[in-house]
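Visitor: In order, the protein sequence lines correspond to chains A and B.
Numbering-wise (this note's numbering), the first sequence opens with residue 1 and increments by one.
Numbering-wise (this note's numbering), the second sequence opens with residue 1 and increments by one.
Honestly, the hints are just simulated from the structure, not real lab data.
Take these hints with a grain of salt, some might be off.
Remember, identical chains collapse to one label, so a pair may be satisfied in a single copy or spanning two.
Said to hold, decoys possible - Straight-line Cα separation of at most 16 Å, EDC-like style, residue types lysine to aspartate or glutamate; simulated pairs: (1) K2 / D86; (2) K28 / D10; (3) K2 / D37; (4) K28 / E219; (5) K74 / E194; (6) K28 / D80; (7) K99 / D23; (8) K2 / D352.
Quick caveat: nothing in here was measured; it's all calculated off a predicted structure.
Spelled out, the chains give:
Number of protein chains: 2
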Amino acid sequence: MKIIDIREADLPITSPGANAVVDFAGLKTSAVAVVSDCLRGGRPLVGYGFGSIGRWSEGGLLRERFIPRIMAAKPEELLDAAGIVDPMKCAVMAMRNEKPGGHGGRAVALGALDMALWDLVAKLADQPLYRVLADRFNEGRTDPDVAVYAAGGYYNGGAQGLRDEIAGYLDLGYREVKMKVGAVPLAEDMARIEVALAALDHDGGRLAVDANGRFTLEEALAFGHAIAPLGLRWYEEPGDPLDYRLMAVLSESYPGALATGENLFSHQDARNLLRYGGMRADRDILQFDAGLSYGLPDYLRTLAVMDGMGWSRRRLHPHGGHQMSLHIAAGLGLGGNESYPGVFRPLGGFADASRIENGRAILPDAPGIGLELKGPLWRWLRGTFETE
Amino acid sequence: MKIIDIREADLPITSPGANAVVDFAGLKTSAVAVVSDCLRGGRPLVGYGFGSIGRWSEGGLLRERFIPRIMAAKPEELLDAAGIVDPMKCAVMAMRNEKPGGHGGRAVALGALDMALWDLVAKLADQPLYRVLADRFNEGRTDPDVAVYAAGGYYNGGAQGLRDEIAGYLDLGYREVKMKVGAVPLAEDMARIEVALAALDHDGGRLAVDANGRFTLEEALAFGHAIAPLGLRWYEEPGDPLDYRLMAVLSESYPGALATGENLFSHQDARNLLRYGGMRADRDILQFDAGLSYGLPDYLRTLAVMDGMGWSRRRLHPHGGHQMSLHIAAGLGLGGNESYPGVFRPLGGFADASRIENGRAILPDAPGIGLELKGPLWRWLRGTFETE
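In isolation and in its complexed conformation, chain A is listed as follows:
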């Protein structure tokens, strides 16, 4: 087989408003289509991917560096022994002559490209991606469903809006909900948290809070003291994602689960969090997102780092709410995955028909990642890339 074309385009995403540090108005990410010379029903088989949610599009990098390097590679530099495209080898070719360190936008761009490559690989195997990943990297073990939580709770709805939003998530089958904090004074956030807890107070509903890296150490400690009695599901990204010491100090006084990792874009950064962040393997949550960190090739290195340091993969609940991470979670035995049922359209949520039951998502059995099963996203991909 042969990759005959790789296309990229900016994909506009609806904004949920602002978190504690960023206004997402006008948000775009990069979408990628990898076109093969393999035919299915007379048409070339195509893999689709996109950059994970919350960072801006990186089309320049894809057009100027990564796509040309892949297209210039020899077949044996991209294919496995069976002659099938190998995303691990593609990642090596894409990263040729890139210096070490500086894990930022290029990790996002390659996350999008890697997603499209795995979609293609799973379609070639006529299997859902989680099955392919389990067979290759997890001794064939898959989870029948994946714990998911509904991420939302932005600042644009007021108390009644928050109540309605949470009721909607519970109706959809979610049991765990995450809301934003840190953009307003502590007392105001505490009032919002009380509203959310009241709305969740049945069927085992639980609440997580996310400060998006806004707090200083002092603010993070004060917020932690305030919420400690509430027994929240977790307290996410209190300070700057690279301030490992803040996490370590906070973990000495905050008794509940802490969560972070979505803004660490490499296994080297993930390793530093585990070395220096004081994270506790019995309770804390790691949110590394393959879609922001070079895709699965580097994510497997992160899993190896975790294994070597005594961390269960069940502590991983990736950021991003995308189907790639859902497949990784089901195929590699992670603890769960984020979900954006109400925001970041057309990327938020999983397949249109996918059910959430008692807080767990059941994966579709369609070949590949299944972006074709999300109507509005699929129409955009098909129309933009003119692949069908």
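Take the given structure of chain A and dock chain B to it, following the hints.
Guide: Just chain B, lined up with the frame of chain A:
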């Protein structure tokens, strides 16, 4: 005053060949021109900048995010109280709605833009940039000259090539030379080092070596043991730039100076190196490069981190060999600066007429950064941006 246009273009750079991890063939960086409505001799005053050497161009980010954000800002969001463009405020506007963490390509793009803004500011003041920086951030204190070392010693010349190269640097007035190591077996590198040391063995010549992040911990230790008796100027970037523990372990056994930091692109990453890397404030060298790390606004935060942790600025010898860092070194009292007298044309080296005397560079007194004093670079900038 008003910024009336910001232009960017890819600037091709000649390659020195390969270091231990990267082949620089086809290297490009981003050049930026900030055009003001202030006239000098009937023409608009323009500030010029470029991305620091060794990373690829980031034109997509400049065109799609950073330039549009600056051009959309209100005048008071970009100007200081005197009505002059303020690079610190421009940096805030450029980074609006960027998430924390993931310090990579965007830090390089903003390094280029920041350089152009400071060039414009100094030209408006009719002063060399180092004088402006000293007045604003260093109580007016400047250094009359700056220690510089000649970086080269790539793998493309053989023993005689290395001898000739070093003799050339000594003829130019350099006393310290850096060569690449780590791409070949230890014994072969040791033979190259002996050649270089012999070539430097007069006039106080000293040799530094740079592994460009290639070594594992075991290899870094073995290399350190091998070179320890040689008393080299420093041993640079032995392992991955984010592997702080490797540096900490190596510092326990390697008695001489260690150097690193060029691949840390934010003050948060720099702080982690100082917190966790075991770097010794009495001897080790920090090579953070403003041109790769959001420019001067974030560099000043790095200087504040260093001050707070008891580090003298004299331990700083920035990577990149560009005139922006040369001005920062002279204006803010750093220890020195890299120089590429023979490679990475047209960026390598400083002003055409600038002299190196006994290993120190004397800065020109022209207004701004002085890119106009580098003939081939200036011809390229002027022709590409059609500013003159």
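Visitor: Each hint should be assessed against the structure and marked as holding or not.
Guide: Verification of the supplied hints:
Taking the closest pair of Cα atoms, K2 and D86 come within 16 Å of each other only inside a single copy of the chain (11 Å); across copies the shortest separation is 51 Å, beyond that limit. In this assembly of identical chains, K28 and D10 lie within 16 Å of each other by CA distance solely inside one copy; the values are 6 Å within and 24 Å between copies. In the homo-oligomer, the alpha carbons of K2 and D37 lie at most 16 Å apart inside one protomer (6 Å), although the nearest pairing across protomers, at 53 Å, exceeds that limit. In this assembly of identical chains, K28 and E219 lie within 16 Å of each other by CA distance neither inside one copy nor across copies; the values are 31 Å within and 43 Å between.
When the C-alpha separation of K74 and E194 is checked against a cutoff of 16 Å, the pair qualifies neither within a copy, at 59 Å, nor between copies, at 39 Å. In the homo-oligomer, the alpha carbons of K28 and D80 never lie at most 16 Å apart, since the shortest distance is 33 Å inside one protomer and 32 Å across protomers. Proximity of K99 and D23 under a CA criterion of 16 Å is satisfied inter-copy only: 10 Å between copies versus 31 Å inside one chain copy. Proximity of K2 and D352 under a CA criterion of 16 Å is satisfied in neither setting, with 32 Å inside one chain copy and 50 Å between copies.
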